[in-house]
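Quick mapping for you: the protein sequence lines, in order, are chains A and B.
Just so you know, we're using the working numbering here: the first sequence kicks off at 15 and counts up by one.
Just so you know, we're using the working numbering here: the second sequence kicks off at 1478 and counts up by one.
To be clear, the hints were calculated from the coordinates, so they are not data collected in a lab.
For every residue, glycine included, the Cβ atom is placed at its ideal position computed from N, Cα and C.
Incorrect hints may have been included.
Claimed, not checked - Facing chain A, a subset of chain B residues (Cβ under 10 angstroms, in silico):
id, residue
1, L1531
2, V1595
3, R1599
4, F1689
5, A1696
6, I1701
7, G1706
8, V1708
9, T1711
10, V1718
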Amino acid sequence: MRDFPSLAVEFLQRRVQALRHVVTEDLKDLNRLITHVLRGGMIVSLAVLLAGLAIATIEGGAYPRTALEPGHMLELAFRLRPEGLLSLGVLLLVLTPVARVALSLGLFLKARDRTYVAITAIVLVNLLTALFFGFV
Amino acid sequence: MVLGLFELVAFILTAAFLAGLAGSTLGLGGGIFLVPYLTLVIGLDVRAAIAASLVGVIATSSGAASVYVRDRLTNLRLGMFLEVATTIGAIAGAFLTLFLSEFALYFLFGIIVAYTAVYMLRTREGARERAAIARPESAFSTRLKLSSYYFDQEDQAVYRYRVDRPVEGFSVGVVAGAISGLLGVGGGFVKVPAMNTLMRVPMKVAVATSNFMLGVTAAASAFIYYSRGIVDPTLAAMIIVGAFLGTSVGTRILERTPAKTIRATFAVVLVGIAVAMIAGAVRLL
């Protein structure tokens, strides 16, 4: 039986290698890039949310009912406080589609696909406009 | 209605699961089911319900789209092209609320949705129809590289398809965006029929592409609700978990179910939405 730290290091090394592969090979392909972004955002936010719910339950069921503003949220999330973790999880989920649009724009720029650079840029500008004015 | 904590959690998780399931198999966000459920059964106020359901729509969209995009069922270019329309529409919709009466809104959409349901029930989409509709495409479609192909599990075949009437589809996309801005829903019930019947995109591709687009429209609205402090993170977390589980079942169902069944189910849901909208208009009189 091998000790836990060496197993953990090996696991991390394998993850880093897999990620490097994703970055170098998969990013060339729009379908794979988007799959990774959406699934990654989903998994990370689910993990953060479940951790938040678990910690709140262990601590006796004081579940936070209002979302925090970003600065305060990050500080509490780093200290593994449930109110910070739950707000962070929700925000990560909401930001995932925006990240998807931004990364697609990058890929179209790299491929010099002018029509779609314009299209994704307009979508991104519209999104930011909506966020900025609080219209939608 | 007074509920114990355990029942409440079970009710919310089940509702979110069903919304995720319906969203991923029909291309709806699930907001159209979740908002009435959260207000009428759980007893949330409308704004809190819309905020929670928007988060659920994003979870449904991300969860299902990651599968559909991987399996190349989603037409990414078509989705991004129509996102231009829906985001413009969503911004315009916020202005329109100032001028349009709620009665006119519900009544008009009720009629349109009912007509679409009848149209979808009357036309068929089998292998033959898919082959017969392949004709020369418009120059605009070619320029946008909208035409694509997908693997259909039902026929165990790869179909190439062309995207018809991109300009008309774009206009309907603006309307879909405006509706989501006005009513606080994803607008999937407008986008799917528009792609399927107007642009002649195969049903499963239309569902997957609508699902893909929903996340972006909902994200803009959800961020606003979040910054105004209306999002309840504990409720949102439960809805996200439920919706995600729903999509992991729903994506498998869509890929294995005949397109015919999905269209028929979609049309029935449309009839329900039309009835609810017209009833809502009548109540306002």
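To see whether the hints hold, each was checked on the structure:
Taking 10 angstroms as the C-beta cut-off, the interface hint given for L1531/B holds, the closest approach to chain A being about 8 angstroms. Interface hint status for V1595/B: violated, as the beta-carbon distance to the closest one in chain A is roughly 31 angstroms, over 10 angstroms. With its C-beta approaching chain A no nearer than about 34 angstroms, R1599/B sits outside the 10 angstroms limit, and its interface hint is violated. A least Cβ separation of about 8 angstroms between F1689/B and chain A falls short of the 10 angstroms threshold, and the interface hint therefore holds.
Interface restraint check: A1696/B against chain A, minimum CB-CB distance 4 angstroms, threshold 10 angstroms, status holds. For I1701/B, the shortest C-beta to C-beta distance to chain A is roughly 5 angstroms, which falls under 10 angstroms, so the interface hint holds. A hinted interface residue such as G1706/B counts as satisfied when its beta carbon comes closer than 10 angstroms to some beta carbon of chain A; here the least separation is about 6 angstroms, so the hint holds. This hint holds: V1708/B has a C-beta 5 angstroms from the nearest C-beta of chain A, less than the 10 angstroms allowed.
For T1711/B, the shortest C-beta to C-beta distance to chain A is roughly 4 angstroms, which falls under 10 angstroms, so the interface hint holds. With 10 angstroms as the threshold, the beta carbon of V1718/B comes within range of chain A, its nearest partner Cβ sitting at about 7 angstroms, so the hint holds.
Consistency with the previously given hints fails for numbers 2 and 3, ordered from lowest to highest.
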